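Going down the list, the sequences are from chains A and H.
Taking the numbering used here, the leading residue of the first sequence gets 1, the next gets one more, and so forth.
Taking the numbering used here, the leading residue of the second sequence gets 1, the next gets one more, and so forth.
Keep in mind that the hints were calculated from the coordinates and are not lab data.
Being a predicted model, the structure only gives us computed values, none of them experimental.
We put the CB at the ideal spot given by N, CA and C, even for glycine.
Don't take every hint at face value.
Said to hold, decoys possible - Once the Cα atoms are required to be at most 30 angstroms apart in a straight line, the calculated BS3-like pairs of lysine-lysine come out as:
| id | chain 1 | residue 1 | chain 2 | residue 2 |
| --- | --- | --- | --- | --- |
| 1 | H | LYS263 | A | LYS17 |
| 2 | A | LYS17 | H | LYS47 |
| 3 | A | LYS21 | H | LYS266 |
| 4 | H | LYS44 | A | LYS49 |
| 5 | A | LYS233 | H | LYS263 |
| 6 | H | LYS266 | A | LYS198 |
| 7 | H | LYS230 | H | LYS25 |
| 8 | A | LYS233 | H | LYS266 |
| 9 | A | LYS21 | H | LYS269 |
| 10 | H | LYS305 | A | LYS17 |
| 11 | A | LYS52 | H | LYS47 |
| 12 | H | LYS269 | A | LYS198 |
| 13 | H | LYS57 | A | LYS2 |
| 14 | H | LYS44 | A | LYS88 |
Unchecked claim - Residues of chain A clear of chain H, computed beta-carbon distances all greater than 12 angstroms:
| id | residue |
| --- | --- |
| 15 | PHE74 |
| 16 | ARG158 |
| 17 | LEU167 |
| 18 | SER188 |
| 19 | GLN197 |
Said to hold, decoys possible - The following label-pair restraints were derived from C-beta to C-beta distances:
| id | chain 1 | residue 1 | chain 2 | residue 2 | range |
| --- | --- | --- | --- | --- | --- |
| 20 | H | ILE361 | A | GLU237 | 38 to 48 angstroms |
| 21 | A | ASP121 | H | ILE361 | 27 to 37 angstroms |
| 22 | A | THR13 | H | ILE373 | 17 to 27 angstroms |
Here is how the chains run, residue by residue.
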Amino acid sequence: MKIVVCIKQVPDTTEIKIDPKTGTLIREGVPSIINPDDKGGLEMALQLKEEKGAHITVITMGPPQADLILREAFAMGADRAIHLTDRKFAGADTLATSYALAGALKKLDFDLLITGRQAIDGDTAQVGPQIAEHLDLPQVSYLEDLKFDGEKTFTMKRHIEEGYQILEVEAPCVVTVLASANNPRYMSVGGIVDAYQKEVEVWGKDQIEVDETLLGLKGSPTSVHKAFARGLKPAGELYEVDTDEAVGIIINKMKEKFIL
Amino acid sequence: MDFSLTKEQELFQQMIRDFAENEVKPLAAEVDEQERFPIETVEKMAKIGIMGIPIPKQYGGAGGNNLMYSMAVEELSAVCGTTGVIVSAHTSLCAAPILEHGTEEQKQKYLPKLASGEWIGAFGLTEPNAGTDAAGQQTTAVEDGDNYIINGSKIFITNAEYAHVYVIFAMTDKSKGTRGITAFIIEKDTPGFSIGKKEKKMGIKGSATCELIFENCVLPKTNMLGKLSKGFGIAMKTLDGGRIGIAAQALGLAQGAINETVKYVKERKQFGRAISAFQNTQFQLADMNTKTEASRMLVRKAAYKKDQKKVYSVDAAMAKLYAAETAMEVTNKAVQLHGGYGYTREYPVERMMRDAKITEIYEGTSEVQRMVISANMLK
Chain A
1 MKIVVCIKQV
11 PDTTEIKIDP
21 KTGTLIREGV
31 PSIINPDDKG
41 GLEMALQLKE
51 EKGAHITVIT
61 MGPPQADLIL
71 REAFAMGADR
81 AIHLTDRKFA
91 GADTLATSYA
101 LAGALKKLDF
111 DLLITGRQAI
121 DGDTAQVGPQ
131 IAEHLDLPQV
141 SYLEDLKFDG
151 EKTFTMKRHI
161 EEGYQILEVE
171 APCVVTVLAS
181 ANNPRYMSVG
191 GIVDAYQKEV
201 EVWGKDQIEV
211 DETLLGLKGS
221 PTSVHKAFAR
231 GLKPAGELYE
241 VDTDEAVGII
251 INKMKEKFIL
Chain H
1 MDFSLTKEQE
11 LFQQMIRDFA
21 ENEVKPLAAE
31 VDEQERFPIE
41 TVEKMAKIGI
51 MGIPIPKQYG
61 GAGGNNLMYS
71 MAVEELSAVC
81 GTTGVIVSAH
91 TSLCAAPILE
101 HGTEEQKQKY
111 LPKLASGEWI
121 GAFGLTEPNA
131 GTDAAGQQTT
141 AVEDGDNYII
151 NGSKIFITNA
161 EYAHVYVIFA
171 MTDKSKGTRG
181 ITAFIIEKDT
191 PGFSIGKKEK
201 KMGIKGSATC
211 ELIFENCVLP
221 KTNMLGKLSK
231 GFGIAMKTLD
241 GGRIGIAAQA
251 LGLAQGAINE
261 TVKYVKERKQ
271 FGRAISAFQN
281 TQFQLADMNT
291 KTEASRMLVR
301 KAAYKKDQKK
311 VYSVDAAMAK
321 LYAAETAMEV
331 TNKAVQLHGG
341 YGYTREYPVE
351 RMMRDAKITE
361 IYEGTSEVQR
371 MVISANMLK
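Pulled out of the complex, with its shape left as it was, chain H reads as follows:
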């Protein structure tokens, strides 16, 4: 068993760390404060291939793997949670299901544009009445000659306002529950499709989270992703992969908070010495680092298993559960160790704490992860 990174992975980590530090970190506070989608960062990421890391070269991607992708989301999130989730949703929730379930025509049409970052991708499953209960879909797709007519809406869609292509789910047969859901690929300018209200969120404020609205939206049958009625399986499989991305985001947030806190406790003096000299500080840091490193092992194991084409859904669930709860705990401690300053926006840890909360909720809540993990134990 070898826990070390390969030379290629080390070089990749060095590049992505430099990029995050020099291009992403300087904008993080502003993106949060102004609730602004960092489109200029996306353009820079596109230029060097970050928007298509695990996409094969034949489809215009970088030809990397899921481990590299998870490392990228981690490093980006360590300085900006918003940027991490933009890449994660784009890659795991849009490009990945098209790569996995798309026809050759669909792959040729969409993947080069997504992988090059010319187009941004998004994913629409959640509805006002279908969150964890994804089977409660009310959006419908009714066959009409060569088309499907889509009606309904999706909420909490990451990248929504800035995306060019969306993987969405709709009921093609309401009587069949989960077996009546079908996946579709929809482009931004499809007639009858529009973007609704933008959410005002606690954290990841720059990620442009909006509603998708379908009003007699006409979609050619060729835009069906996978087979008729197989949408629920596609959604669940996609979310398995997405969880690696979100676990990596949570891991990055935790690491970012540790980096900031280590710097701060060495500088901050109370009672005549740096607060790093106090054993409480030292013990808190030790716990923060241990849990974060454990999260990293889980994330990398899940990504590795996906790369090895092994079954990884439980690994991804464990990685996401543990990394998300660790991110929440670590960022909370980071704020505490910063004291009053930590509660202000002068320091980035309060933003990291707000950003961390969502990792326990989206792409399957922590409760859902526990269901996945225990169901596998008890089957």
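Looking at chain A on its own, in the form it has when it is part of the complex:
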């Protein structure tokens, strides 16, 4: 089986601090990591490889420093790594990103394409499904588990608001995975030693099948209008009372604010 996993380098948002004076993010010294949902996707692929045998290609689109997460993927057990990087890709929204990735993915042969559900820096959850649309492949989002029958069929457990859906899907298909699906393994020491001996293939726009006008900022129909830091709210009022009294207090507060 051939698996491709899309991964993204993101700032570790658990380590981000806000500058109290300017209200902006302090990015300095914040480590870059593999996006957690994507890491869950990579672990899912690695487990399939251990159980049924598979060849795993990881692909990322990003600036030169994103090379680091491809090395990390090698050290976890990925077989091949592709770094999609070009100035023409810069400023891409989700559509232009998924379009460029799809352009690269058309050149790859795979049975299963895994992406993370969403990235912790943008939280759109759009790129995985958009890739499936560009490639005209069936897609299943929000995966918690995936089994392969060894021939053509995947059995998937999909997390939905009301509970779970169990689906059977035939290869090739696209899935988006939740970080909660598994506990990603550590890089191995030997894997790290090898990671920098292996070659990361670097692809620019000329190596993929794309229309240049649909790339990067130019190809992005959406743009960020304004970004601002949310002001800090003052501490709330705390009442330790029984339920009836609490209901009364809430109703009065809502009346005060003309909500009721």
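Fit chain H to the given chain A structure using the hints.
Showing chain H alone in chain A's frame:
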């Protein structure tokens, strides 16, 4: 001259730090309190290659180097001194001498098992009457056909209870002193070999420190490590390498105590402000950090020289001397800055202080390191 880590080393440090934080730190207090060997941690370390970092890939190791190994011991020790020394004794004192002095058969037989962590390694040199005076060995190995018959005992052996293979030393010719010592590789289930009493220690309580007992223990001649009568040299060379591991352990303990103390002094309030606002706290922290960073430079230099196949025994001695004394000083200050809470087991610094003391003693006391360093100056 470049002091920065390579990308590969940075990635390695990131991995080992995550591992220490998530897998080792949560058990550290319990391992100390219960004097329990953290076998589950060893299994986890084995799985990702930490038990065979500087062992070449051809023998099943990770194919890393001594610098990476020292970084691993440092990061593990920063959260748990016991775990640091388990890896150090296993790697530096058992796998390393087999790699360096073993025959090809011995390497093929033992290194893959040690490097994969399937087997744990240990080292037996010290005896009740042969500590720093290692030449005073009373354990004997007497030739008997194709075998040697070993009698005697070893004490203070790290990993003893849990190890599967040991590098030990015995007198093959008592009349020759240090020139009559020979090294052997011995497996756990060798007839006549047993594990004696377990020591009750001040620190590194989980490292399973026991006595090794040899009663007419029959060892095939093929288990001799290196040549006949060359054991003392092997022991000294092995300890040179081991000192990098123990220096890294001491460095980790110091860094761990600093990490805990920085966190604490920002939270702890006295006289209406965090104690980090007091200049005494700031000056203490500055001294702690400066000495720890100096220790790190010495440790890394010694490891680098070993990797470059340069003579490094004085570097290793300096690294161990300085890092061990720094660990003792820094952990002591860490307890002091924690005040009364620092003296309780609610905070990890008292454990770090107890763990730090041994680094001034084992694998050559600080006094021995001073002998090594000055002897080289005065020769």
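Against the structure, the hints come out as follows:
Of the pairs offered as hints, the one joining H:LYS263 and A:LYS17 holds, with about 16 angstroms between alpha carbons and a cut-off of 30 angstroms not exceeded. Restraint check for A:LYS17 and H:LYS47: the C-alpha separation of about 35 angstroms exceeds 30 angstroms, so the hint is violated. The hinted pair formed by A:LYS21 and H:LYS266 meets the criterion: a straight-line CA distance of about 20 angstroms does not exceed 30 angstroms. Annotation: proposed proximity of H:LYS44 to A:LYS49 holds, straight-line Cα distance about 20 angstroms (limit 30 angstroms).
For the hint linking A:LYS233 to H:LYS263, the alpha-carbon distance of about 27 angstroms falls within 30 angstroms, and the restraint holds. The suggested pairing of H:LYS266 with A:LYS198 is violated, with an alpha-carbon distance near 44 angstroms, which exceeds 30 angstroms. Proximity of H:LYS230 to H:LYS25 is assessed by CA-CA distance (about 41 angstroms); at most 30 angstroms being required, the pair is judged violated. Straight-line distance between C-alpha atoms of A:LYS233 and H:LYS266 comes to about 24 angstroms, which keeps the hinted pair within the 30 angstroms bound.
Annotation: proposed proximity of A:LYS21 to H:LYS269 holds, straight-line Cα distance about 24 angstroms (limit 30 angstroms). Taken as a hint, the H:LYS305 and A:LYS17 pair is broken in the structure, with Cα atoms around 40 angstroms apart against an allowance of 30 angstroms. Proposed proximity of A:LYS52 and H:LYS47 is supported: the alpha carbons are some 20 angstroms apart, at most 30 angstroms. Note on H:LYS269 and A:LYS198: the hinted pairing is violated, with a Cα-Cα distance of about 52 angstroms set against a maximum of 30 angstroms.
Distance hint between H:LYS57 and A:LYS2 is fulfilled; the C-alpha atoms sit about 27 angstroms from each other, no more than 30 angstroms. Of the pairs offered as hints, the one joining H:LYS44 and A:LYS88 is violated, with about 44 angstroms between alpha carbons and a cut-off of 30 angstroms exceeded. The claim that A:PHE74 lies off the interface is violated: its Cβ sits roughly 10 angstroms from the closest Cβ of chain H, which falls inside the 12 angstroms cut-off. Once the 12 angstroms rule is applied to beta carbons, A:ARG158 is consistent with being away from chain H; the minimum gap is 28 angstroms.
A:LEU167, annotated as away from the interface, keeps every beta carbon of chain H farther than 12 angstroms; the closest lies near 33 angstroms. Consistency note on A:SER188: stated as away from chain H, yet its beta-carbon is not over 12 angstroms from all of that chain's, at 5 angstroms minimum. Distance check on A:GLN197: its Cβ comes as close as 9 angstroms (rounded) to a Cβ of chain H, failing to clear the 12 angstroms threshold; non-interface status is violated. The hinted window of 38 to 48 angstroms between H:ILE361 and A:GLU237 is violated, with their beta carbons roughly 59 angstroms apart.
For A:ASP121 and H:ILE361, the hinted distance range of 27 to 37 angstroms is not satisfied, since their beta carbons lie about 50 angstroms from each other. Between A:THR13 and H:ILE373 the CB atoms are about 48 angstroms apart, so this pair departs from the stated range of 17 to 27 angstroms.
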